[in-house]
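Asker: One-letter residues, chain by chain:
2 protein chains.
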Amino acid sequence: MSDSPRWLSATEMRAWRGLLRMHDVLVHRTGRSLQSEFGLSGTDYTVLAELTRVPDGRLRMVELARTLGWEKSRLSHHVARMAKRGLVEREECTDDRRGAYVAVTWEGREAITAAAPRHVEDVRALFLDHLTPGQITLLAEMTDLVLEKLRTDD
Amino acid sequence: MSDSPRWLSATEMRAWRGLLRMHDVLVHRTGRSLQSEFGLSGTDYTVLAELTRVPDGRLRMVELARTLGWEKSRLSHHVARMAKRGLVEREECTDDRRGAYVAVTWEGREAITAAAPRHVEDVRALFLDHLTPGQITLLAEMTDLVLEKLRTDD
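If you read the sequences in order, they're chains A and B.
For the first sequence, my numbering gives the first residue as 1286, with consecutive numbering after it.
For the second sequence, my numbering gives the first residue as 1286, with consecutive numbering after it.
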């Protein structure tokens, strides 16, 4: 790092700061109704959404952490809190080195089913409705591309 | 909410999930070197970056919370932790109803100055280098637009 840093241009800075801020504002705003009306945090919702997308409603902890882009310790703590509330169950597998599973419970399915219609409306009203279909497609492509690059790098 | 929910299309889902995941992976990955090499979390860096952007190095707590898109309680807790480590100072103003300020300290300036070159390289290598200048501009425009809409709505 002896060369002088390649500082961000004004547009690069707007894109990077914009990404961080837009994410934080959207997570905060969509989280409000999840919390007040359904007693779920945005993070609870995200975990339940990933688990209910897969056939058995269960994923390996390591796999879920990778999908979400979370550190394993963050996921472990969060899953432990959700398990206490009966939303998920942790399934240990002592004979398998690839580690524990986490599975959605019946209560977890009920919770996300109740919250989903309102949450989807919020995601539309706060975010997608402000963008054109072309912008949404570009964002989908951009995030797929970056995530793919990061996966191959890691 | 008696009408059936307008569920997200596959592309809308890719854009929304992609935004959440890309954010989380990038924050996690850029946070690693901040933490291990400079003892700063990504959140510390973000707060210091906002404070060192303004002439006096100080902002009202409410203003900073709005800029970052954070809840006031989240910012208060985080600022309290940073103040303990000497990175920022909280300045109360009892005669002013608009509330307390937070200011970067000399140590805070040193910390971000030390970390910035590496952090900017990480943001490039993990994120910006994967995108074309056109995509970066589009992302900047998109995030500006959404943040502006959310500001007017609130």
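Mixed in with the good hints, there may be bad ones.
Among chain A residues calculated to face chain B with C-beta under 10 Å, some are [said to hold, decoys possible]:
#, residue
1, L1319
2, A1401
3, R1409
30 Å max Cα-Cα, derived DSBU-like pairs, lysine-lysine [stated by the list, open to error]:
#, chain 1, residue 1, chain 2, residue 2
4, A, K1357, A, K1369
5, A, K1369, A, K1434
6, A, K1357, B, K1369
7, B, K1357, B, K1434
8, B, K1434, A, K1357
9, B, K1434, A, K1369
10, B, K1369, B, K1357
Quick look at which bits of chain B chain A covers, simulated, 3 or more residues with Cβ under 8 Å [claimed, not checked]:
#, region
11, 1291–1300
12, 1307–1319
13, 1342–1350
14, 1365–1371
15, 1388–1394
16, 1431–1437
Just so you know, the hints here were simulated from the structure itself, not pulled from any lab data.
Computed from a predicted structure; not experimentally measured.
Heads up, the beta-carbon is just placed ideally off N, CA and C, and yes, glycines get one too.
Asker: Indicate, hint by hint, whether the structure satisfies it.
Answerer: Going down the list of hints, with the structure as the test:
Hint status for A/L1319: violated, given a least beta-carbon distance of 14 Å to chain B, over 10 Å. Interface restraint check for A/A1401: the shortest CB-CB distance to chain B comes to about 7 Å, inside 10 Å, so the restraint holds. For A/R1409, the shortest C-beta to C-beta distance to chain B is roughly 6 Å, which falls under 10 Å, so the interface hint holds. Our distance criterion of 30 Å between C-alpha atoms is met by A/K1357 and A/K1369, whose separation comes to about 18 Å.
Only pairs whose Cα atoms come within 30 Å are accepted, and A/K1369 paired with A/K1434 is rejected, the gap being roughly 36 Å. At roughly 28 Å between alpha-carbon atoms, A/K1357 and B/K1369 fall within 30 Å of each other, so this suggested pair holds. Of the pairs offered as hints, the one joining B/K1357 and B/K1434 holds, with about 20 Å between alpha carbons and a cut-off of 30 Å not exceeded. A hinted pair counts as satisfied when its Cα atoms are at most 30 Å apart, and B/K1434 with A/K1357 does not qualify at roughly 35 Å.
Pair hint B/K1434 plus A/K1369 does not hold up; C-alpha atoms about 38 Å apart against a cutoff of 30 Å. For the hint linking B/K1369 to B/K1357, the alpha-carbon distance of about 18 Å falls within 30 Å, and the restraint holds. Note: the region 1291–1300 of chain B has 7 residues with beta-carbon separation from chain A under 8 Å; the three-residue rule is met and the coverage holds. Coverage of the region 1307–1319 of chain B by chain A holds. Counting CB-CB distances below 8 Å, 8 residues qualify, and the rule asks for three or more.
Interface restraint, the region 1342–1350 of chain B with chain A: violated (0 residues with C-beta to C-beta distance below 8 Å; minimum three). Proximity of the region 1365–1371 of chain B to chain A, defined as three or more residues with a beta carbon under 8 Å from a beta carbon of that chain, is not established by the 0 residues found. By the rule of at least three residues with a Cβ nearer than 8 Å to a Cβ of chain A, the coverage given for the region 1388–1394 of chain B is violated, with 0 such residues. Coverage of a stretch by a chain is defined here by at least three residues with a beta carbon nearer than 8 Å to that chain's beta carbons; for the region 1431–1437 of chain B and chain A the count is 4, and the condition holds.
In terms of the numbered hints stated before, the structure departs from hints 1, 5, 8, 9, 13, 14, 15, listed from lowest to highest.
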